[in-house]
Structure formats: structure tokens, C-alpha cells
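Enquirer: Make the full structure from the sequences, and use the hints.
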Amino acid sequence: MELAPSLLIIALTISLLFSLSKLISWPHRAPLPPGPAPLPIIGNLLDLDRQPHRSLARLAKVYGPVISLKLGLTTAIVISSPEAAREVLQKKDAFFSARSVPDSSRAYNHHDASMFFLPSTSPLWRRNRTICAVNLFSARSLETSREMRAQKARDIISCFRKKAGHPVDIGHILLSGMLNMISNILFSQDIVDINSESPQEFEELIKESINENLKPNASDFFPFLRLLDLQGRRRTAARYHRRYYKTFNVIMDTRLQHRRNGGKNYGDFLDSLLDLLAESKISRKEIQILLTEIFGAGSHTTSIAVEWAMGELLHDHIAMAKAQAEVREVFAIQNLEESDALDLPYLQAAIKEAMRLHPPGPLLPHKAIEDGVTLCGYRVPREAQVLVNAWAIGRDPKVWTEPDVFRPERFLEKHISFYGRDFEFIPVTLRY
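So the sequence shown is numbered by this note's numbering: it starts at 16 and just counts up by one.
Treat the hints as calculated values from the structure; they're not laboratory data. Accuracy of the hints is not assured; some may be wrong.
As the list claims (entries may be wrong) - Here are the simulated lysine-lysine pairs, BS3-like style, with alpha carbons at most 25 Å apart: (1) K279 x K296; (2) K279 x K337; (3) K178 x K337.
Expert: Here it is, written out as C-alpha cells:
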């Protein structure tokens with residue numbers, strides 16, 4: 016008992032020293048980025064409209080290229096300059112290697128095996144990335160699927176030719192064509208009929224699920240509401256997941272039965288996944304999630320980008336004439352081949368210019384996974400959302416002359432990659 020007063024004194028001393036150290040160090044902490052004053056409880060939610068990338072671009076003009084917002088109870092850091100984007104995506108990418116998980120993606124615990132939300136330090140993320148790198152993106156895999164990809168491109172062209180002189184739904188044909196290209200790479204069969212006059216079930220599923228994911232959800236801004244799912248976003252996402260999983264289960268079961276009957280090995284992505292499944296190196300649910308995300312990331316993004324490029328060219332008759340003349344010159348003496356894209360610099364420039372103006376993902380989400388990280392001299396709290404506003408960067412007048420004008424020639428004047436290595440042009444973030 017005689018030790019009790021001494022222990023109390025020691026405990027109080029340690030507590031006082033700790034508090035004193037916090038007080039002493041506080042003035043030396045980097046400040047949060049500037050931003051509009053938040054309202055109680057809702058924070059800055061009223062500063063955003065139906066197109067948050069545009070709202071955030073307007074705020075960046077007032078507060079600078081790195082701003083902080085309170086979105087309900089969450090902190091968001093918004094990046095709107097190439098220099099700040101380089102810090103997030105390259106120089107300090109290890110500190111922002113994860114993404115905040117929307118509550119809708121927690122349905123069926125989808126996020127637990129999602130490459131979109133796992134940090135790049137996760138063994139599961141690395142395993143899935145290796146699977147994709149070896150079986151989808153390796154030189155051997157690309158060469159194996161080259162003729163099939165060319166055939167699917169010809170299918171798209173043929174479908175447009177059949178519609179000559181009639182109204183045509185460009186988005187429907189492009190999305191159908193991309194879905195079939197991806198499905199043949201993954202499991203050697205078409206998943207939709209490209210010649211159908213109206214969207215089919217799987218095409219509708221892709222569009223509906225992506226549109227649902229883009230809707231704001233109160234549970235993401237006020238985490239204590241997650242259990243209630245007030246807007247039903249998680250329940251809706253669960254229905255979409257069930258439909259995806261059912262589709263892929265049928266395809267997997269058919270292939271497994273084909274194998275049991277002694278059928279040939281297709282040597283496609285699905286066969287590789289089923290080999291890993293047989294060796295217990297991947298689960299059926301992980302296969303379902305991986306296939307879902309490949310379809311979502313690959314089909315919709317690509318079709319939207321091409322559709323915007325077509326729209327811009329239709330509005331600019333001079334640019335359209337240049338693109339048409341280039342295509343006719345190249346293909347007057349040879350058939351369509353994938354490698355011929357290198358001989359179409361103006362068309363490539365037109366697609367890049369369309370993606371600069373209309374990036375498929377205008378806001379690229381990341382999350383700070385450690386405390387004490389700074390961006391451009393500002394403090395970024397742990398768990399803060401870090402949003403790279405690719406739309407604002409692509410229209411920054413400090414970077415681009417006449418940024419709101421469609422002018423493909425700007426990409427002929429300097430070489431800028433499609434793949435986000437040049438941070439004034441970030442059409443997509445690649446995580447595969």
C-alpha cells in the first residue's frame with residue numbers, strides 16, 4: 016500500500032509530460048489545407064452539386080490546388096494541380112495506396128477481396144494483380160488474344176455499317192462490343208448480342224450498377240448510419256452483386272462440367288482461375304469479385320471514352336475531316352490491324368483530347384493510410400479521403416491553352432501518355 020502514492024505520482028507525472036509534449040509539438044504541426052468553413056454536422060456538403068468535380072474545381076479557384084473539406088463527419092482533401100497529383104500518385108503513393116470503401120461496396124463483403132479498395136500492400140491485392148498481369152496483360156496473353164480482339168473490333172464496325180442511314184445508339188453498340196471483347200478474353204464466349212436493337216440483361220446490369228455506385232450515400236458521410244442503410248444503397252448493391260455472381264456461377268459451373276467430361280482446355284483466363292481454384296489458391300467468391308471488377312473497369316470506361324471522342328468529332332467538322340482522311344489513307348492499302356493504331360496519330364490525339372475534356376473517372380479516390388503525411392506542405396489526417404480531380408487538372412488554364420476547346424493538335428505538339436505518367440493528363444488510374 017505504501018507504493019500506491021508513488022505509483023499515483025508517477026502516473027500523473029507521465030500524463031502531464033505527455034500532455035505537455037503534445038502542447039509543445041502542436042504549433043509545429045503542418046496545417047490542414049485551406050477550404051470553405053464547414054457548417055455544423057453537415058460540413059461542406061451544401062458546397063457540392065450533382066457534378067461534384069465541377070463544384071470542387073470552382074472551390075479550387077478560390078482556395079488553391081489543395082483544399083480540405085468536411086463532408087459530413089469525414090475529411091476530404093481535394094487535389095487540383097499536376098504537381099499535387101504527382102505527390103499523391105507517384106512520390107508518396109505508398110501513403111495513399113488504399114481507397115475509402117463506400118457503404119454499398121460492403122454488401123456481401125465485396126470490399127474484402129476487391130482490388131479497387133484493398134491497399135497495394137495487401138497480399139491479396141498483390142496476388143490478384145499477379146494473376147491479371149500473367150494471364151491478361153503479359154506479352155504472350157496479348158498475342159494470344161490479338162486476332163480475337165481484331166475480330167470483335169470488326170464486329171463493331173460491321174454493326175455500324177448495318178445502321179448506315181439510320182439513327183444509331185453509339186453507346187449501346189460500343190458497350191456491347193467491349194463486353195464481348197472482354198468476355199472472350201475471360202471465358203471465350205460472347206456475353207451479349209451486339210446486333211440486338213436494345214440493351215440486354217448483362218449490359219443493363221453493368222450500366223445500372225455503375226450508375227448506382229455514383230449516387231451519394233448518407234452512410235458514407237455519416238458512418239454511424241451504416242447499420243440503418245437509410246437510402247437502401249447497400250441493399251440495392253446486394254441485388255446487383257447477386258446478379259453478377261449468378262451469371263458467373265453459371266459460366267463457371269458449365270466450364271467445370273466441360274472439364275469433367277474431358278473437354279478441351281480453352282487456355283483462357285477462366286481456365287487459369289479454375290486451376291487455381293482446384294489448388295485452393297483462390298476461392299469461388301474471389302473469382303466472382305475479380306470478374307465483376309474486370310467487366311466494370313474495362314467495358315464501361317472504354318465505351319464512354321470512345322463515345323465522347325465520337326461526340327466531339329461530330330461537333331468539330333474540321334477535326335472529323337482530318338481523322339477520316341487519316342483513317343482512309345491508312346486502311347486504303349491494308350486491313351484493320353491493332354498495330355496500325357501507331358499510324359493514326361491524329362485519331363489518337365483526338366481520343367486523348369476527348370479524355371482530357373471528359374475523363375471517364377473525373378474524381379480519382381484515394382485514402383491516407385498513415386498519420387503525419389504532408390502534401391504540398393499541408394497535413395493530411397489518417398483515414399482522410401484524398402480526391403484527385405482529374406477533370407479540373409485537364410481544364411487547368413495554367414497547363415492548357417484554351418482548356419475548354421476541343422483541339423487534338425495539342426497532343427501532336429508534345430507526347431503525353433494515356434497511362435497517367437504525365438500528371439497534367441490523368442484519364443484513368445491503373446490498379447491492375
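Enquirer: Report the numbers of all earlier hints that the structure fails to satisfy, in ascending order.
Expert: 2
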